[in-house]
Amino acid sequence: MKLHLKIWRQENKNSQGRFENYTLDDVSQDSSFLEMLDLLNEELTEKGDEPIAFDHDCREGICGMCSLVINGVAHGQNREPIKQVTVCQLHMRHFHDGETITIEPWRAQAFPALKDLIVDRTAFDIIIQAGGYVSVSTGGAAEASAIPVPKKDADVSMDAAACIGCGACVAACPNASAMLFTSAKITHLGILPQGQTERYQRVVDMVNAMDTAGFGGCTNMGECEAVCPKDISLDFIARMNGDLIKAALMGVS
Amino acid sequence: MVGIMSFPNTTIGKKVIMAISGVIWVGYLAMHMYGNLKIFGGATYFNHYAEGLRELGAPVFGHAHLLFVARIVFVGSIIAHVWAAITLNLRNKASRPVTYNQHQKLRASTATLTMIYGGVTIAVFIIYHLLHFTLGLLVHPDFDGQNAYHNVIVGFQSYAYIPAIIYLVALIALAFHLYHGTWSMFQTLGLNNKTYNNMIRSLAWAVAIVIPIGFAAVPLSVMFGILQ
Chain W
1 MKLHLKIWRQ
11 ENKNSQGRFE
21 NYTLDDVSQD
31 SSFLEMLDLL
41 NEELTEKGDE
51 PIAFDHDCRE
61 GICGMCSLVI
71 NGVAHGQNRE
81 PIKQVTVCQL
91 HMRHFHDGET
101 ITIEPWRAQA
111 FPALKDLIVD
121 RTAFDIIIQA
131 GGYVSVSTGG
141 AAEASAIPVP
151 KKDADVSMDA
161 AACIGCGACV
171 AACPNASAML
181 FTSAKITHLG
191 ILPQGQTERY
201 QRVVDMVNAM
211 DTAGFGGCTN
221 MGECEAVCPK
231 DISLDFIARM
241 NGDLIKAALM
251 GVS
Chain V
1 MVGIMSFPNT
11 TIGKKVIMAI
21 SGVIWVGYLA
31 MHMYGNLKIF
41 GGATYFNHYA
51 EGLRELGAPV
61 FGHAHLLFVA
71 RIVFVGSIIA
81 HVWAAITLNL
91 RNKASRPVTY
101 NQHQKLRAST
111 ATLTMIYGGV
121 TIAVFIIYHL
131 LHFTLGLLVH
141 PDFDGQNAYH
151 NVIVGFQSYA
161 YIPAIIYLVA
171 LIALAFHLYH
181 GTWSMFQTLG
191 LNNKTYNNMI
201 RSLAWAVAIV
211 IPIGFAAVPL
221 SVMFGILQ
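Same order as they appear, the protein sequences are chains W and V. Position 39, counted from 1, in the first sequence is what this note's numbering calls 39; the numbers after and before it change by one each time, with no gaps. Position 200, counted from 1, in the second sequence is what this note's numbering calls 200; the numbers after and before it change by one each time, with no gaps.
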């Protein structure tokens, strides 16, 4: 298949970016989206041009590195029946011959552009550092079933822990808000008995880190949930809000 | 954040202020709508109700005292609501300085995307409404402080029913604002989850339909000659 690509190019974080148009022939329908970009980069390298920089790592949808907005959708996954996939799991058979595809990086104040399609997602690491831990007693390994965890809570915790921190929620949110990410990280620890010690301190610290990083506020649109490759629920945002209200009433600082 | 006093500095704290001030106004609108419907009981009945508002809480509260307290609460709520809306909106705009060439909306409803425009429409309408029926200045042709029934009928009939049409347009904006606002209130206060989501959505529909229709009944009845 033949494709017309409109791709964001940017030298470095200080330079002005622009869109460049490329045409790519003989793309296999069975190749993944990232393999298609590899093919383009091969052509560019052979011509002596600078290849397009984009983030990628595992290419099996679990590392959270790939981060492209394709035709206005984070991870480009709005093509039925393709749901809950990262860019690396998106295949070219979902596009048609002769199509023009627009590829942009995540856009947010808190995710500064580094080069071409790569952005700096350190802000997420700072949020995790602020409260993404639990206190445990050191010493010999504890009996695994010493602390009973209700099955329902364990399931919710696992659903929240499925977040791979790719940042698609921020990219899709009209306010560039990181509430879905932050709430998933708060919930996956805060709902377990092991996470109770820091529960209210955690929500205060992580929300502060999120606000300080320059993310926007939540307007309950649900755009984040719609693009999330791991199906993280808006319920977690409600839970985070509830925990922060309790923390404020308890005077946690 | 240090406890409750600095809570409004956080994005979530501002949302909570919006939710609480919003729910105060939903309650107020429900009471106001119910009171308006008393106009169908005739001029004497309606004017008696309008005068009775000043005796609210009697004999514990003096003449117009509780009404004054209520006004402070409602005005304070709306100032807080607007303040939170403006500060959050500016922050949201600043959080994406470079915008997308293409940005599809997959989930967001019309009500969600028009919250700020609906809010501005309602704010402008409230000023018009106060001039029209509370103060009787500028926009009312024949205001009589002792006859609320007369003010309503004449106020809607004058200027070729344009005031009635302004009210109906504002009520459409209100319906959209209430639909997203009611659901959002539960979400923001942490009272929403999968178990109750459909129930809360249904409640949002009910609020967004019942309140504006109850309000619309009065100008529509004047326009079609049912009230005169």
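Since the hints were made in silico from the structure, they are not lab data. Computed from a predicted model, the values in this text were never measured in an experiment. Ideal placement from N, C-alpha and C gives every residue a C-beta, glycine not left out. Mixed in with the good hints there might be a few duds.
[Said to hold, decoys possible] Think about it this way: if two alpha-carbon atoms lie no more than 20 Å apart in a straight line, the pair counts; the simulated EDC-like pairs of lysine to aspartate or glutamate are:
1. V:K194 with W:D231
2. W:K151 with W:D125
3. W:K6 with W:E20
4. V:K194 with W:E20
5. V:K194 with W:D26
[To be verified] Which chain V residues stay away from chain W? Per the calculated CB distances, all over 12 Å, these:
6. V73
7. G76
8. V82
9. N92
10. Q104
11. L106
12. I116
13. I127
14. I165
15. L171
16. A206
Against the structure, the hints come out as follows:
| no. | hint | in the structure |
| --- | --- | --- |
| 1 | V:K194 with W:D231 | holds, 14 Å |
| 2 | W:K151 with W:D125 | violated, 29 Å |
| 3 | W:K6 with W:E20 | holds, 6 Å |
| 4 | V:K194 with W:E20 | violated, 44 Å |
| 5 | V:K194 with W:D26 | violated, 46 Å |
| 6 | V73 | holds, 21 Å |
| 7 | G76 | holds, 20 Å |
| 8 | V82 | holds, 15 Å |
| 9 | N92 | violated, 4 Å |
| 10 | Q104 | violated, 4 Å |
| 11 | L106 | violated, 4 Å |
| 12 | I116 | violated, 9 Å |
| 13 | I127 | holds, 25 Å |
| 14 | I165 | holds, 30 Å |
| 15 | L171 | holds, 23 Å |
| 16 | A206 | holds, 18 Å |
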